[in-house]
Amino acid sequence: MYELSSTNAPLQLFLPRPVRVLLWAITVGVIALVAIPSIYLLLWSLMGTEVVGRLDLHRASFRWFGAVLSSPDWLAAMSRSVLLGAFASVAGALLNGAYNYSKHFTSLGYRRTTNLAMTVLLLNPLICYALSMSNVRAVIRNVILNLPAGISNLAPFLDTMRVDVWFTLLMGHLAIITPLQFLLFEAADRGMPPSMLWAARTLGAGHVRSFRAVYVPCMRGTFIASVIVGFFASFDEIVLALFMLDDGMATIPLKVYRSISQVVQPHAAVTSAIVMVAAGTTWFLYSRTRPSPRFDVHSLRERLEGLPREVLAFALTTVTIFMLVGGHGDIPLVFHGMVAVLSGLAAGTIVGLLRLHNILKLLLISVNVETVFRGLARAFVLEGVTHDVRLIKAVEAGGFTEMTQDRMQRLARTAFGEFPHGRYVGTDRHVPSRFQELYPNYLHDQMLSRSKRGDIRFVLYGAREFEDDRAAHPAAARSFVSMHTAAGVTLLSVPWSAAIEISKKLELETPDLGVFEGRAAVFFDPPTTGREKWRVMLDNVEGHRLTQLRNYFYELVDHAQEIVRGGEDATFFRDLDDDDRHKLKSYILA
Amino acid sequence: MSSAALAAFGGATVACLARFSSQRTSNVLTFAMMVPLLTGFVARNYSWVGLLTAIGSHRTPLSPLGELLDSRAGIVTVMAVVFVPFVYFIVSEAASHLSPPLYEASRTLGATDARAFFVITLPLLLPATLLAFALSTILGLGYFVTPHLIGGGNFPFVANGVLSRLDLGDAQGAALLGLYLLATVFILAGLVAIVRAWWLRRHEPLTKTPHYVRTK
Chain A
1 MYELSSTNAP LQLFLPRPVR VLLWAITVGV IALVAIPSIY LLLWSLMGTE
51 VVGRLDLHRA SFRWFGAVLS SPDWLAAMSR SVLLGAFASV AGALLNGAYN
101 YSKHFTSLGY RRTTNLAMTV LLLNPLICYA LSMSNVRAVI RNVILNLPAG
151 ISNLAPFLDT MRVDVWFTLL MGHLAIITPL QFLLFEAADR GMPPSMLWAA
201 RTLGAGHVRS FRAVYVPCMR GTFIASVIVG FFASFDEIVL ALFMLDDGMA
251 TIPLKVYRSI SQVVQPHAAV TSAIVMVAAG TTWFLYSRTR PSPRFDVHSL
301 RERLEGLPRE VLAFALTTVT IFMLVGGHGD IPLVFHGMVA VLSGLAAGTI
351 VGLLRLHNIL KLLLISVNVE TVFRGLARAF VLEGVTHDVR LIKAVEAGGF
401 TEMTQDRMQR LARTAFGEFP HGRYVGTDRH VPSRFQELYP NYLHDQMLSR
451 SKRGDIRFVL YGAREFEDDR AAHPAAARSF VSMHTAAGVT LLSVPWSAAI
501 EISKKLELET PDLGVFEGRA AVFFDPPTTG REKWRVMLDN VEGHRLTQLR
551 NYFYELVDHA QEIVRGGEDA TFFRDLDDDD RHKLKSYILA
Chain B
591 MSSAALAAFG GATVACLARF SSQRTSNVLT FAMMVPLLTG FVARNYSWVG
641 LLTAIGSHRT PLSPLGELLD SRAGIVTVMA VVFVPFVYFI VSEAASHLSP
691 PLYEASRTLG ATDARAFFVI TLPLLLPATL LAFALSTILG LGYFVTPHLI
741 GGGNFPFVAN GVLSRLDLGD AQGAALLGLY LLATVFILAG LVAIVRAWWL
791 RRHEPLTKTP HYVRTK
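Protein sequence lines correspond, in order, to chains A and B. Each residue of the first sequence is one higher than the one before, counting from 1 in the working numbering. Each residue of the second sequence is one higher than the one before, counting from 591 in the working numbering.
No lab work stands behind these hints: they were computed from the structure. One thing to keep in mind: the hints can contain errors.
Claimed, not checked - Covered by chain A, according to a simulated footprint, are these stretches of chain B (three or more residues, beta-carbon under 8 Å): (1) 615–627; (2) 636–644; (3) 671–681; (4) 703–713; (5) 761–768; (6) 772–785.
Said to hold, decoys possible - A partial selection of chain B residues facing chain A, derived with a Cβ cut-off under 7 Å: (7) 604; (8) 630; (9) 699; (10) 728.
To be verified - Label-pair distances were calculated between CB atoms; the ranges are: (11) A/75 to B/785: 46 to 52 Å; (12) B/662 to A/67: 32 to 38 Å; (13) B/689 to A/246: 52 to 58 Å; (14) A/170 to B/761: 20 to 26 Å; (15) B/788 to A/496: 54 to 60 Å; (16) A/570 to B/785: 58 to 64 Å.
Keep in mind the model is a prediction, meaning the values are calculated, not measured. Don't be surprised by glycine CBs; every beta carbon is placed ideally from N, CA and C.
Work the whole structure out from these sequences, hints included.
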């Protein structure tokens, strides 16, 4: 149930000191160079003057924010960028989804050829795209101006609307973002068993139905992620815009680019700061809420769980924005504050109830950029490691699944990786020497890689068995207790017979289990003599299962003694008093 | 290429350190690399213009750095800084596959940590670094924003050449230059693919499962 040798474990013990010092010295310099411009941008937006780069350090104000947010030009540029990004990203996601679906039914040669084509698209310099697309635009404009006699009346309208420009721009953006979205789909597609699609086809579903009813639900997260990635890639695109758009139709990046020579006021810094704050807020939301899509549940209870945090984050964001605008406007600041708080509460409630934070967290450009580049690296450098995803999906089908010890360890690694920060509450029946024989690197690797969040481990044996094992294997017992104590894990001992009895009474599948962050439970049935494979089951912790597990742990606490480490090698079993039991119960699956 | 090389060196160093640090430090370093990505590409260049102008306009020990504006060194520096996060994320993906058993095995065989670093870590990170370098070079070849904003358009870059030819109405010349650029990119990509394949073959024992445990 624990990882033998996690590849994600930190390697800090293996780096020689001189090399570490050298790496740190270079890193500090690199980070300073990378981060300082962003910090300066924020300062510039608050303390900027009419002279480029000159800051008035004694007079910070939000007047430039007010000026930008009340400027029709900048707002129009923002809306153009948003619309263009939305259209291109949605269209790109649909195209990529359809293409990746079709790959399941085509030959290897076709797939290799198309993959190569996508790689070529990725390598093509943007300036070359822009050059060719400007020619395409000229062709389209020529077609519009020479429409056939029946529809020639449309020509002035189409020309006024600049259909040639927007159509070409949309095509160009699609060409830019498609390879990025392709990488996302490619990486996700490896984890999806094609047998599901083949089963749908065998059962008589057509391609459209199979795509809509099987492929899209399975790849929902990837669709959303690719829309987000596409949106931000399109939003930040400037090369095509420079070739196609004049000043009256500029997008945000183009306006920023041109403002350096045309405008001396720090409008561009303000726009960038707004985008940065929005993206940063999204990142904050993402980092604070991290439910796993693999174990996702949609109960009302869970929807309400994250609500206060969402409300707070939205209220703070809205307050900040309104305050910034309020610094410049004529409306009293108090009014802005009230409106901000009310808007924040309303937005937070909607976001929390509709679980929109799952989408919001994907809005984080940096995370998606990271995903893209990790996907890129996978595609080029190393084979994708998607074995765990398949395993999870197989186990998720319900009931116990038989697997080898190696696969069980992969499952455990995935579960620990999926829930790295929250509390782990688990039981284990193996005495220290057997535990270390089964999981030789667990104490070393897993303890280092996990945040110390007050994990609880029930060992399902009594003091006599522990002492017998310690007499035979003193080193194993010593390291077992000391590593747990050092990592802040509470070790509780419950006799195996009592655990069996409680689990049978509560109709638990097995007394040996682990609960991750109070969200997912993994039940283990290790092999007995003559059986080679483990039986493992995965379940969400909700409803009846939550009650069942809570009662199980409560009853275990009632029968438990704490294993305490004294000085040196001394380890003793301490009886718990009522106060201890009460504290533990309020702590477990709270 | 010089900016791509600098970026590859800096980004790979940070990625390597992040892998060899605790989870918390690694998260902090990743966040630091994310910060510029939150800002947007044009805005980052714009910020450098303001920053270098501000540094150059005050008499401080740092004021010589203001000379970077409108200089070739400035273009190289800013382009390298822009590419560093890309390199970081690509190399950190490769670094995540460095596993403790490799180092435990090397210690068991008597290698010092320093030797393990040079014999295991560097060869395993090199293909990813090379890839990141190649991608940065390709991105850099088509760049015109940084040369225009930081260099003030005083230094000829291919992409700026394409733009200026178009401004002069020489569409044919612009297309020809674009074609040269495209050809250069593909030749470079081909070379990188060949070098990478050679490197992986040479270090096969580190990157592949030995044949005697390979299953069908």
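Practice task
Against the earlier hints, flag every one the structure doesn't satisfy and list their numbers going up.
Solution key: 9
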